[in-house]
Amino acid sequence: MSGFKDKVVLVTGGSRGIGRACALAFAKAGAATVVISYVGNEAAAQETVALLQGAGAKAEAVRFDVADATACATAVDNIVKAHGRIDVLVNNAGVAVDGLVMRVKDEDWDKQLDTNLKGAFALIRAASRPMMKQRGGAIINLTSVVGEMGNGGQAAYAASKAGLIGLTKSVAKELASRNIRVNAVSPGFIGTDMTSHLDDDLRQKMTAGIPLGRLGNADEVAGAVLFLAGDAASYITGEVLKVNGGMYM
Amino acid sequence: MSTSTIDPKVVESKVKSIIADQLGVGEDEIKPESSFIEDLGADSLDIVELVMAMEEEFEVEIPDEEAENIKTVGDAINYINTHKK
Numbered sequence: 000m001s002g003f004k005d006k007v008v009l010v011t012g013g014s015r016g017i018g019r020a021c022a023l024a025f026a027k028a029g030a031a032t033v034v035i036s037y038v039g040n041e042a043a044a045q046e047t048v049a050l051l052q053g054a055g056a057k058a059e060a061v062r063f064d065v066a067d068a069t070a071c072a073t074a075v076d077n078i079v080k081a082h083g084r085i086d087v088l089v090n091n092a093g094v095a096v097d098g099l100v101m102r103v104k105d106e107d108w109d110k111q112l113d114t115n116l117k118g119a120f121a122l123i124r125a126a127s128r129p130m131m132k133q134r135g136g137a138i139i140n141l142t143s144v145v146g147e148m149g150n151g152g153q154a155a156y157a158a159s160k161a162g163l164i165g166l167t168k169s170v171a172k173e174l175a176s177r178n179i180r181v182n183a184v185s186p187g188f189i190g191t192d193m194t195s196h197l198d199d200d201l202r203q204k205m206t207a208g209i210p211l212g213r214l215g216n217a218d219e220v221a222g223a224v225l226f227l228a229g230d231a232a233s234y235i236t237g238e239v240l241k242v243n244g245g246m247y248m
Numbered sequence: 000m001s002t003s004t005i006d007p008k009v010v011e012s013k014v015k016s017i018i019a020d021q022l023g024v025g026e027d028e029i030k031p032e033s034s035f036i037e038d039l040g041a042d043s044l045d046i047v048e049l050v051m052a053m054e055e056e057f058e059v060e061i062p063d064e065e066a067e068n069i070k071t072v073g074d075a076i077n078y079i080n081t082h083k084k
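So the sequence lines, in the order shown, correspond to chains A and B.
Going by numbering that gives the first Met the number 0, the first sequence opens with residue 0, and the numbers climb by one from there.
Going by numbering that gives the first Met the number 0, the second sequence opens with residue 0, and the numbers climb by one from there.
One should not assume that every hint holds.
Quick list of simulated restraints, FRET-style, between CB atoms [to be verified]:
1) Ser233/A with Asn68/B: 37 to 45 angstroms
2) Leu201/A with Ser43/B: 25 to 33 angstroms
3) Glu32/B with Thr69/A: 35 to 43 angstroms
4) Asp20/B with Gly39/A: 39 to 47 angstroms
5) Glu54/B with His196/A: 40 to 48 angstroms
If you're looking for bench data, these hints aren't it; they were derived computationally from the structure.
For glycine and all other residues, C-beta sits at the position ideal for the given N, C-alpha and C.
Turn these sequences into a full structure, and let the hints steer you where they fit.
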């Protein structure tokens, strides 16, 4: 597993769930440095850092809100200053505030769009320059099955995730000449903190719509992210890779 | 860093060095009349990177509509000389 040797990886929202699984997958694949961002959960972030170090990577947790574009630029600057480069950016940080569209508050709309979509944009903007200078890099945006198929009660979340697909494809075209590949991974119903509040009834209904007959887990999403970041995917850019057990094809 | 005392010769040599670095061309190939795209092989991403590098080096802001008019090395040097603080 020498593919990620010497590579510097940033995973946003890396303290728990899919982000943690992604960070850990890179550490296990031999990445030299894995930086995670987190916004609230210091204990979870430190736990993740310990796991990453246990897997043999240099690891650090940086606290910043991806909705703050200035903080995003500073974070990327600091990584490039400290580690000399940035090879992989995984835009995973996201929030969901569910509610029927008539009842969605402006602030909840803004929070989801700012975190899920603008945050990814701000980090891509910041990371694209060092990646251009390096003449290479991989960016993976975590979208969602609801960005592809819509979901009642998740208008803002789905809009932000659909927006990520347009962002992914546009930036893939812009940066391709510099050997920077930009792809998206679209998870379906994955067992994480974000889905843990759903009641059993809804959970059963959702599982019934999944051909593989079960929820996915974070490691199965991380596997797709790792694949798209690595040399095995060297001719793949602008792709949206579904990891959803067949619930949307 | 203050740029107020930079004389035009220094600007010219710094601009040339930024261009050489960004485009991977020899400084002897870089003439005031050289067109970035036609003579020096730059593409649109190179132009953006050049503009950003010059903005940083000389602490100026080059708005997009001005950047569109910077087509040759001479245009870039003139822009910096007229706008540097």
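Hint check results:
One distance hint, 37 to 45 angstroms for the beta-carbon pair serine 233/A and asparagine 68/B, holds here, with the actual separation near 38 angstroms. Between leucine 201/A and serine 43/B the CB atoms are about 48 angstroms apart, so this pair departs from the stated range of 25 to 33 angstroms. Hint check: glutamate 32/B to threonine 69/A, Cβ distance near 40 angstroms, so the stated range 35 to 43 angstroms holds. A hinted range of 39 to 47 angstroms holds for the C-beta pair aspartate 20/B and glycine 39/A, which are about 42 angstroms apart.
A hinted range of 40 to 48 angstroms holds for the C-beta pair glutamate 54/B and histidine 196/A, which are about 47 angstroms apart.
Figure legend: structure checked against the earlier numbered hints; the only hint not met is number 2.
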